[in-house]
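Input sequences plus hints: build the corresponding full structure.
Those sequence lines, one after another, are chains A and B. If you're matching positions, the first sequence starts at 1 in the working numbering and goes up one per residue. If you're matching positions, the second sequence starts at 106 in the working numbering and goes up one per residue.
Hints listed in this document are in silico derivations from the structure and should not be mistaken for laboratory results. Note that the structure is a prediction, hence the values are computed from the model and not measured. Errors might be hidden in some of the hints.
Unchecked claim - Per label pair, the in silico range of CB-to-CB distance: (1) B:Tyr-743 <-> A:Leu-11: 15 to 25 angstroms; (2) A:Asn-30 <-> B:Ala-731: 11 to 21 angstroms; (3) B:Ala-731 <-> A:Leu-56: 20 to 30 angstroms; (4) A:Tyr-89 <-> B:Gly-721: 15 to 25 angstroms; (5) B:Gly-705 <-> A:Leu-56: 53 to 63 angstroms; (6) B:Ser-712 <-> A:Leu-61: 24 to 34 angstroms; (7) B:Leu-739 <-> A:Tyr-89: 33 to 43 angstroms; (8) B:Leu-737 <-> A:Lys-54: 24 to 34 angstroms; (9) B:Thr-708 <-> A:Ala-72: 38 to 48 angstroms; (10) A:Lys-54 <-> B:Gly-721: 21 to 31 angstroms; (11) B:Gly-705 <-> A:Ile-32: 43 to 53 angstroms; (12) A:Asn-87 <-> B:Lys-716: 26 to 36 angstroms; (13) B:Asn-706 <-> A:Asn-87: 18 to 28 angstroms.
Virtual Cβ for every residue (Gly too), placed ideally from N, Cα, C.
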Amino acid sequence: MIENVSIYELLTLTTILFFIGLYGFLTRKNLITMLMAIELLLNTSVINFVVINKYLYPDVLQGVYFSIFIIAVAAAETALAISIIINLYRLKTSVDLSETETMKY
Amino acid sequence: MNMDFSYTIFILIIPIAMFILLGFFYNKIKPAVSGWIGVAGLTAVAGMSYYTAYQYFFNIPKVDGKFQTFFGFKMNWMNFTDTLRIDMGILLDPISIMMLAVVSTISLMVHIYSRGYMKGDRGYTKFFAFLALFTFSMMGLVVATNLFQIYIFWELVGVSSFLLIGYYYEKPSAVAAAKKAFIVTRFADLGFLIGILLMGYYGGSYDFMELNNPEGPAIMNWASSSFMGLSVITWALILMFMGGAGKSAMFPLHIWLPDAMEGPTPVSALIHAATMVVAGVYLVARLFPMFHFVENGFALNIVAWVGAISSLIAAIIALTQTDIKRILAFSTMSQIGYMMLALGVSEYDGHDGIGYIASMWHLFTHAMFKALLFLGAGSVIHAVHSNYMKDMGGLHKYMKITSITFLIAALSISGVPGFSGFFSKDEILVAAFHHNKPIYFITLFVAGLTAFYMFRLYFSIFWGKKKEYEHAPHESPWSMAIPLIFLAIMSILPGYLPFTEWLAPDRIGFHGHIDYTMATIATLTGLTGIFLAWLFYFKPSIYPAKVSAFFGKLYKWTFNKFYIDEVYLFITKIIIFKGISAPFAWFDKKVVDATMEGIGNKTVDLSKGIKGMQSGKLQDYAFAFAGGVFILVLIVMYVM
Chain A
1 MIENVSIYEL LTLTTILFFI GLYGFLTRKN LITMLMAIEL LLNTSVINFV
51 VINKYLYPDV LQGVYFSIFI IAVAAAETAL AISIIINLYR LKTSVDLSET
101 ETMKY
Chain B
106 MNMDFSYTIF ILIIPIAMFI LLGFFYNKIK PAVSGWIGVA GLTAVAGMSY
156 YTAYQYFFNI PKVDGKFQTF FGFKMNWMNF TDTLRIDMGI LLDPISIMML
206 AVVSTISLMV HIYSRGYMKG DRGYTKFFAF LALFTFSMMG LVVATNLFQI
256 YIFWELVGVS SFLLIGYYYE KPSAVAAAKK AFIVTRFADL GFLIGILLMG
306 YYGGSYDFME LNNPEGPAIM NWASSSFMGL SVITWALILM FMGGAGKSAM
356 FPLHIWLPDA MEGPTPVSAL IHAATMVVAG VYLVARLFPM FHFVENGFAL
406 NIVAWVGAIS SLIAAIIALT QTDIKRILAF STMSQIGYMM LALGVSEYDG
456 HDGIGYIASM WHLFTHAMFK ALLFLGAGSV IHAVHSNYMK DMGGLHKYMK
506 ITSITFLIAA LSISGVPGFS GFFSKDEILV AAFHHNKPIY FITLFVAGLT
556 AFYMFRLYFS IFWGKKKEYE HAPHESPWSM AIPLIFLAIM SILPGYLPFT
606 EWLAPDRIGF HGHIDYTMAT IATLTGLTGI FLAWLFYFKP SIYPAKVSAF
656 FGKLYKWTFN KFYIDEVYLF ITKIIIFKGI SAPFAWFDKK VVDATMEGIG
706 NKTVDLSKGI KGMQSGKLQD YAFAFAGGVF ILVLIVMYVM
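This is the structure in structure tokens:
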């Protein structure tokens, strides 16, 4: 619990962060940047877990545990995504999203 | 006293084994070897058949003066109910043993003959494989113990007939003939099948022994069911006779037989003269007690009249044909008509069973002399390379053996005393005279016509005009001459065998004798025919042209076989194809298929319209997903 800061302000922050991440994911053409946007999305949810746990249910710790899980999973996911991007780079010598548009009708 | 007939199973096993051997390895076996395999196998089969006949007719004692029925092999194959079942087996009684002897003899002769006739043919081994298949099927047909077994083998002979007619499959006419034969007989067999099913349902059995028992339920209870004024059993018999008429080329289902002459000549001799085409006669004889006792022989009367009409029509058509094999084909049809009418006028007991005996006897003698005529014709065709009489003449001095054996066969079929055909035909005439006068006169008239067209054929081929041949025709090789000589002997000998004691419908038999009045009338009729033929055709003369001019229209009708083929073509092509099938085809194409295709096409159009959604752009999908979630959230928040 932080002095003089209510839950509403924190949730507003995470919401803003979430939409920044979503915007980044939908508009960026560079795959690395898109990966960063995904990290942003994940981080907002982590913050949400911690905030809701702290403010609404201060007696339990599930939210905190979950946030640790999410960080671990996000790390694994990033490793996977980076390896895919490296493979794509070897194939196309580019990490631009427009190079991946061959899988369509 | 050896009563064990279990070895008869080999009469069936050997031909089918030969078929499998020659059929599967037909490009591995050398032609010379395959010919000998065929001849050796058939010799064994014929030997066993003769041994069986000898044992049965001479060595096995009769019980109560009757020949007994034996089973060489019998197994229960399918049970429908407690009483209705299908067996597989080998039934041995006088007529089946007589048929075994006929089929094996003719088949053996044809095998020997084919070694010469088919020499150098590309499909030599295949030909022998088909012959073996046919022999197997025909043997299975004659020893069948029940209606279903006979039906199975009936179809098998149909298939082997189809294969052999279409043997020269590069010739369109042969292919058409094979197809025609198969379709016409299949159509007739539809009647046969319905007849069998009716018989099983109303007669309560498929087994010949049970059906034919004069005190059995099938015969005693015929009146219990009726349909359109007739007993259902009678309908079943009529339908079965339809199948028999198809196979035996009876009017009006005879149209396939003349065309079937497109097959190789030995095949015509084996299948379309001696064995398969008498299957219909055999079927009626097999069910004779049923035909006789049910509804006082109503169905049998139909058999008699169909036989009489067929024999008359065929004999008239045979007068005008010019293809020698076709003349023989119509002659075959005419003689089978004889057998049918003889069965038709027969009674069951004692001396009144003469028609049945005469029919079976004529079947035997006819098989021999007609096979001989065909093989002789094959020998002639082999020498002059033509089927038409105009290309022949004066061949006697080139081919003495063929000429003399052909003469013996022609005398036999014309009913000249001393030859086997005389005896059997005499019995037929006696039977017809005592039981049905109109049929008797038809029979007598046909006997005269037979003598005339047979000697027209003989004189035109072997005497008549002196013809210049590019290559002098020569006598056929011994492999072809030996069967001719053997069959010539068999065209005389069977007349002196006591068939009246062996083949009576009540199995008792009697000592036969010749009715001299009948014999004299028949002989005079036959000799008149021969004399007229001699007058017309022995030397080139103007009579034939004059007579055909005198008959004018009638001659033209006869020459075109009474336009029966054209009637069939009209019915099938115009009425069935155009009148019935074409509208159905239109409905099927334009309504049924079109609906289905419309649904398919509309789906394709729709998917073409929306396939742009699958853009392959990751961010489009992500946008759609996020947008969807957004909308769902809105719905949950404000609507629900």
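Hints and how they fare:
1. B:Tyr-743 <-> A:Leu-11: 15 to 25 angstroms: Cβ of B:Tyr-743 to Cβ of A:Leu-11: about 20 angstroms, so the range 15 to 25 angstroms holds.
2. A:Asn-30 <-> B:Ala-731: 11 to 21 angstroms: 19 angstroms, holds
3. B:Ala-731 <-> A:Leu-56: 20 to 30 angstroms: Since the Cβ atoms of B:Ala-731 and A:Leu-56 sit about 27 angstroms apart, the hinted range of 20 to 30 angstroms holds.
4. A:Tyr-89 <-> B:Gly-721: 15 to 25 angstroms: 19 angstroms, holds
5. B:Gly-705 <-> A:Leu-56: 53 to 63 angstroms: 58 angstroms, holds
6. B:Ser-712 <-> A:Leu-61: 24 to 34 angstroms: 52 angstroms, violated
7. B:Leu-739 <-> A:Tyr-89: 33 to 43 angstroms: Holds: the Cβ-Cβ distance is about 40 angstroms, inside 33 to 43 angstroms.
8. B:Leu-737 <-> A:Lys-54: 24 to 34 angstroms: Since the Cβ atoms of B:Leu-737 and A:Lys-54 sit about 29 angstroms apart, the hinted range of 24 to 34 angstroms holds.
9. B:Thr-708 <-> A:Ala-72: 38 to 48 angstroms: This hint holds: roughly 47 angstroms between Cβ atoms.
10. A:Lys-54 <-> B:Gly-721: 21 to 31 angstroms: Since the Cβ atoms of A:Lys-54 and B:Gly-721 sit about 43 angstroms apart, the hinted range of 21 to 31 angstroms is violated.
11. B:Gly-705 <-> A:Ile-32: 43 to 53 angstroms: Since the Cβ atoms of B:Gly-705 and A:Ile-32 sit about 46 angstroms apart, the hinted range of 43 to 53 angstroms holds.
12. A:Asn-87 <-> B:Lys-716: 26 to 36 angstroms: For A:Asn-87 and B:Lys-716 the Cβ distance comes to about 28 angstroms; the hint holds.
13. B:Asn-706 <-> A:Asn-87: 18 to 28 angstroms: 42 angstroms, violated
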